[in-house]
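A.B. asks: Chains as they are written, first to last, in our numbering: chain A, 1 to 460; chain B, 461 to 651.
No wet-lab data here; the hints were simulated from the structure.
Any given hint might turn out to be false.
Listed below are the simulated SDA-like cross-link pairs for lysine to any residue, each with C-alpha atoms no more than 20 Å apart in a straight line [said to hold, decoys possible]:
id, chain 1, residue 1, chain 2, residue 2
1, A, Lys336, B, Glu558
2, A, Lys336, B, Pro616
3, B, Lys645, A, Phe334
4, A, Lys336, B, Gly579
5, A, Lys336, B, Pro594
6, A, Lys336, B, Thr619
7, A, Lys336, B, Lys645
8, B, Lys645, A, Asp335
9, A, Lys260, B, Val590
10, A, Lys336, B, Ala620
11, A, Lys336, B, Asn646
12, A, Lys336, B, Lys628
13, A, Lys336, B, Arg640
14, A, Lys428, B, Pro594
15, B, Lys645, A, Arg400
16, A, Lys336, B, Glu580
17, A, Lys336, B, Ala617
18, B, Lys645, A, Lys260
19, B, Lys628, A, Arg400
20, A, Lys260, B, Pro594
21, A, Lys336, B, Leu647
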Amino acid sequence: MVGDQEFVGLDDLVAMFQLTLREDALGAITVSYKGKTIVLTPDQALASVSGRLVSLPAPPSRNGRRWLVPEEFISRALALIYDQRLDLRKPSHLLVVGDVRVPRLALRYESVAANAGRLTIDATPRTQSTVTQEGDHLTVKFDADALDAPNPLLPAPPAPSLVTGVRFVDATTLAVDLGPRFAGFRSTSQPTDTTLRLVLDILAQAQTETAAPPTPAQPQPGPPEIPPAFGQGSSLIHTIAVDAGHGGDDEGVRTADGVKEKDLALAIARRVRAIVEARLGLRVLLTRDDDRNVPMDERASLANNNKADLFISLHANGSMRPATSGAAIYCAAFDKDAAQTAAAGGTERLPTFGGGQRDIEMVPWDLAQTRHLAQSEAFAEMLQQQFRDHVPLASRPIDRAPLRVLESANMPAVLIELGYLTNPDQAKLLTGETFQNTAAQAIFDAIVRFRDTLPAGTTR
Amino acid sequence: MSSRRLLVIGGVTIVALAVIGLVLLRAPRLSSRATPRAAAAPSPTVPPPPGRKIKARLFYVADDGMRLTGVERDIAYGDGATAQAREIIAAQVAPVVEPLVSAVPAGTALRAVFLTEGGEAYVDLSREVVSAHPGGTLNELLTVYTIVNALTVNLPAVTAVQVLVDGKEVETLAGHVDLRQPLAKNLSWVQ
Numbered sequence: 001m002v003g004d005q006e007f008v009g010l011d012d013l014v015a016m017f018q019l020t021l022r023e024d025a026l027g028a029i030t031v032s033y034k035g036k037t038i039v040l041t042p043d044q045a046l047a048s049v050s051g052r053l054v055s056l057p058a059p060p061s062r063n064g065r066r067w068l069v070p071e072e073f074i075s076r077a078l079a080l081i082y083d084q085r086l087d088l089r090k091p092s093h094l095l096v097v098g099d100v101r102v103p104r105l106a107l108r109y110e111s112v113a114a115n116a117g118r119l120t121i122d123a124t125p126r127t128q129s130t131v132t133q134e135g136d137h138l139t140v141k142f143d144a145d146a147l148d149a150p151n152p153l154l155p156a157p158p159a160p161s162l163v164t165g166v167r168f169v170d171a172t173t174l175a176v177d178l179g180p181r182f183a184g185f186r187s188t189s190q191p192t193d194t195t196l197r198l199v200l201d202i203l204a205q206a207q208t209e210t211a212a213p214p215t216p217a218q219p220q221p222g223p224p225e226i227p228p229a230f231g232q233g234s235s236l237i238h239t240i241a242v243d244a245g246h247g248g249d250d251e252g253v254r255t256a257d258g259v260k261e262k263d264l265a266l267a268i269a270r271r272v273r274a275i276v277e278a279r280l281g282l283r284v285l286l287t288r289d290d291d292r293n294v295p296m297d298e299r300a301s302l303a304n305n306n307k308a309d310l311f312i313s314l315h316a317n318g319s320m321r322p323a324t325s326g327a328a329i330y331c332a333a334f335d336k337d338a339a340q341t342a343a344a345g346g347t348e349r350l351p352t353f354g355g356g357q358r359d360i361e362m363v364p365w366d367l368a369q370t371r372h373l374a375q376s377e378a379f380a381e382m383l384q385q386q387f388r389d390h391v392p393l394a395s396r397p398i399d400r401a402p403l404r405v406l407e408s409a410n411m412p413a414v415l416i417e418l419g420y421l422t423n424p425d426q427a428k429l430l431t432g433e434t435f436q437n438t439a440a441q442a443i444f445d446a447i448v449r450f451r452d453t454l455p456a457g458t459t460r
Numbered sequence: 461m462s463s464r465r466l467l468v469i470g471g472v473t474i475v476a477l478a479v480i481g482l483v484l485l486r487a488p489r490l491s492s493r494a495t496p497r498a499a500a501a502p503s504p505t506v507p508p509p510p511g512r513k514i515k516a517r518l519f520y521v522a523d524d525g526m527r528l529t530g531v532e533r534d535i536a537y538g539d540g541a542t543a544q545a546r547e548i549i550a551a552q553v554a555p556v557v558e559p560l561v562s563a564v565p566a567g568t569a570l571r572a573v574f575l576t577e578g579g580e581a582y583v584d585l586s587r588e589v590v591s592a593h594p595g596g597t598l599n600e601l602l603t604v605y606t607i608v609n610a611l612t613v614n615l616p617a618v619t620a621v622q623v624l625v626d627g628k629e630v631e632t633l634a635g636h637v638d639l640r641q642p643l644a645k646n647l648s649w650v651q
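Take the sequences, apply the hints, and build the full model.
C.D. replies: Put into structure tokens, the structure is as follows:
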């Protein structure tokens, strides 16, 4: 640093970016990269970049045998001739090279009422994140390669506080440590042009009233203007299984220009997971989170073994007629004997861990869905209502069919075909980010409605 | 054509159907007399082969693509239930020309048909029904119920149909419809 100006050694940049450096007899310094040049002149706060002049905050400075240049040289001059994106973040002393996702974070915590606090995390550029509760802290995982965050992440809030601190878990994950009064949270995302704001509303446990009640003449202090915590305590839905159809060598429907159903299904499954985890704080399991073939029974097993409360299989449709279009929601169908067979499974008394016995209801694996058909159809109806005006629907938007992936799901389950990849207009629509976000939002809204209308303890 | 001649043809058809019904009722268990063969049934533009015929309702993709539509066709008379079932499926999987569109992938051939005493039919198709399948839940449903309904609608003694591929049971054709057991007639997939 010279005065207020920060400098960087030119020889360090040469080594880091494979530049060549030449100093001629008149003292001019030429920096070259793949045939493009920057010419610097001592005592001049200017650089000629491929013949174009750019200003620098200070001229180059010699320090012994080394040349030092203002750090703005990187963003104003070097970035113009380099073949990868260079993003200099001065406040954090970070130089981002290439197309890596390193959002800049700004955190703020404020008490919004005696029993509530709000943690705001701005991520620029817009970066999705997922929030989950793990014991005494919330984990916020960003869909990024690294994070550009201030140090410290958050000044210590005054005690007693619902949030005691924020720390790094790994390069893309933060942990929000919670105080002993923590009772629940709700997360919401608010996008702006360049920033995605994550708002975590933290609620405290209700406190025992010890003070005298206010006089009737005085207005009662209202509750904090934040919604109740979802996914906590009384919520009837805790876990949702989202099944991205196909995968691996099973590509599903493929368009003429190479769009594959398996990729589309996974992209939307991830969007659904992000939005549900972030806003409802629920656990979302993907039957696959990469491009691999997952056997049908394994998909149902994941949901059943994790006691998922809802199973949503995502697909894109195909038709022999190119004009066919619209989303459809399928529930499982069984022949008329299946329900009787399922019911005839009976119960079996088995010993339990720690002694005693328990009656276990025996249901054939392939008929597990028979017990949930009414709720599956109710959820399908809610999906249809949420899709209306947002996602184009087929002429018969709800159908029943003997679908393999639904039959063994031991919870309400639907298969959603979001549209037809065999219809060129629909293929273009489905592959767009706007549609995928809209579809994920509609599915989210249906989940919220389904949760709100469920009688207690009815999904399993 | 005189009304008397119409009456005679009608009488012959009734007798033929009665014979088919009797044969179906007496069909031996897994009475496979089918041998692997390529589908070579007529398309709508090709005249039907000479010999005795029966009327059968075959299924193709409706104009809106959402359902099947039934089309009445002349099918070669089969000597016995299995043979008749084979003729129906062979005609069903045969290539068609516009405006008909088949839900059965091009290149799919009929290998064999088996019938059981319980009224279940097993239709063994060549691997192209999987490898050439374009995918999608609806496509797959229409492919499956084309085969299922072709037999259950035209041969009342057949109550359910299971599709096999290259002689083996398969889970699905394209990742959606459960084919591990015979499926009953389902006209909700027909307009």
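A.B. asks: A separate judgement is required for each hint: does it hold in the structure or not?
C.D. replies: Right, here's what the structure says about each hint:
1. Lys336(A) <-> Glu558(B): Outside the cut-off at roughly 37 Å; violated.
2. Lys336(A) <-> Pro616(B): The given pair, whose Cα atoms are some 19 Å apart, holds under the 20 Å limit.
3. Lys645(B) <-> Phe334(A): Distance of about 13 Å is within 20 Å: holds.
4. Lys336(A) <-> Gly579(B): holds (17 Å)
5. Lys336(A) <-> Pro594(B): Distance ~30 Å between Lys336(A) and Pro594(B) Cα, so the pair is violated.
6. Lys336(A) <-> Thr619(B): holds (13 Å)
7. Lys336(A) <-> Lys645(B): The hint holds at about 12 Å.
8. Lys645(B) <-> Asp335(A): holds (10 Å)
9. Lys260(A) <-> Val590(B): holds (17 Å)
10. Lys336(A) <-> Ala620(B): Holds. Lys336(A) to Ala620(B) sits at ~13 Å (cutoff 20 Å).
11. Lys336(A) <-> Asn646(B): Between Lys336(A) and Asn646(B) the Cα gap is close to 12 Å, so the pair holds against 20 Å.
12. Lys336(A) <-> Lys628(B): Status violated; Cα separation ~26 Å.
13. Lys336(A) <-> Arg640(B): Answer holds: Lys336(A) to Arg640(B) is near 17 Å, not above 20 Å.
14. Lys428(A) <-> Pro594(B): Roughly 18 Å separates the two Cα atoms, so the pair holds.
15. Lys645(B) <-> Arg400(A): At roughly 14 Å apart (the allowed maximum being 20 Å), Arg400(A) and Lys645(B) satisfy the hint.
16. Lys336(A) <-> Glu580(B): holds (16 Å)
17. Lys336(A) <-> Ala617(B): holds (19 Å)
18. Lys645(B) <-> Lys260(A): Answer violated: Lys645(B) to Lys260(A) is near 32 Å, above 20 Å.
19. Lys628(B) <-> Arg400(A): Answer violated: Lys628(B) to Arg400(A) is near 26 Å, above 20 Å.
20. Lys260(A) <-> Pro594(B): Since the Cα atoms of Lys260(A) and Pro594(B) sit roughly 11 Å apart, the hinted pair holds (cutoff 20 Å).
21. Lys336(A) <-> Leu647(B): Distance of about 15 Å is within 20 Å: holds.
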